[in-house]
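Novice: Sequence:
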Amino acid sequence: MKDLLTAKVIKKHNSLTDGYIPDTPRKVLPDRLLNALYYKFEKEGEEFTLSIQELKELLGITSQKDDKRIFEAIRILQSPIVIRDFRYQDKEVEWVRTPFLCRAVKYRSDTNEIHFKIEPMVIEAVKQKGGYTPLDLDICNRFRSKYALKLYEMYRRYRSLPHNRSDVANDQIGIIKKSLQELNQMFSTNHTAPSKLFGQNAPNAPINRGLTEIEKVTGEKIHCFYDRSSKLFIFSWGRRVEDIYPSPECIIPSSSIEPFVQWYIDHFVNKVDNPKRYHKKISQQIISNDFGNLERYYQLFLLERGKDPKKCFDVQLGKFIF
1 MKDLLTAKVI KKHNSLTDGY IPDTPRKVLP DRLLNALYYK FEKEGEEFTL SIQELKELLG
61 ITSQKDDKRI FEAIRILQSP IVIRDFRYQD KEVEWVRTPF LCRAVKYRSD TNEIHFKIEP
121 MVIEAVKQKG GYTPLDLDIC NRFRSKYALK LYEMYRRYRS LPHNRSDVAN DQIGIIKKSL
181 QELNQMFSTN HTAPSKLFGQ NAPNAPINRG LTEIEKVTGE KIHCFYDRSS KLFIFSWGRR
241 VEDIYPSPEC IIPSSSIEPF VQWYIDHFVN KVDNPKRYHK KISQQIISND FGNLERYYQL
301 FLLERGKDPK KCFDVQLGKF IF
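Start counting the sequence shown at 1; every next residue gets the next number (the working numbering).
No lab work stands behind these hints: they were computed from the structure. For clarity, every value in this text was computed on a predicted model and none was experimentally measured. Please note: incorrect hints may appear among the correct ones.
Here are the computed lysine-lysine pairs in the DSBU-like style, where the Cα-Cα straight-line distance is at most 30 Å [as the list claims (entries may be wrong)]:
#	residue 1	residue 2
1	117	177
2	178	127
3	43	127
Produce the entire structure from the sequences given, and follow the hints as far as they go.
Specialist: Rendered as structure tokens:
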């Protein structure tokens, strides 16, 4: 098992996970570079310096021949990417095209270092309240195709989230639906026929290739079929209880902890000296099931969101499933 102290895990903001890098067909390195730079941003803030060797290590590559590919990927991240669903200057942003990097500088005096600065509008998006997708850089760097990496990020994004299918239990199967247009954006392709993206006997089609690679790298089995009536690609995967909850003791799903904690603070907590630390403290209490009257507070949280707490509670598991 990988040492958790050495794992390079990022909490990739969902506005970026749901976004995409346009005009990069079959190019996986720009997406891997974005994840690597996001890792440094989480640790050091919007400006930081990386040696070329450090950058290669974060990207999981060793060959000197890859230097030109890295410089090309940097150039691509200085072109517009698409970020979705955040607020900017008191307005809801559906999407924005903006560079991820506003600056990348290599000085003559610093022959092996590159100085980076993240675009301020990107910073504003990731600072706001919202979910994130945990990603292990070492796993992401093992994918050799853009299709596998983007499908894996999608899977990690929705792995434990509830779906709207009334005929399938949330604690058994995860489901996400994507249109042809959404997948074309994700893969930076421009296919007009669903059969070009996925086919039962088409191992080299983007989705087939990506899902095969994901299973080979991670062991995770993700299924896909194209629903002709809704004209949507439907992805599904089996769920284990440990995939949905952060600990055996926790009674609410991982995906609900952050919004619930923020709701609780907004409704019941006066001003605190360190909101970030207090938020983390409550989250840890919920994970270990040491938070007082959690079940009652969570029922109120569900009611405010128009959900029936009784229907959201699995008596056999003794846990909430939404």
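Novice: None of the hints should be skipped; say for each whether it holds.
Specialist: Right, here's what the structure says about each hint:
no., hint, in the structure
1, 117 - 177, "35 Å, violated"
2, 178 - 127, "27 Å, holds"
3, 43 - 127, "14 Å, holds"
Comparing the model with each numbered hint stated earlier shows that hint 1 is the single one that does not hold.
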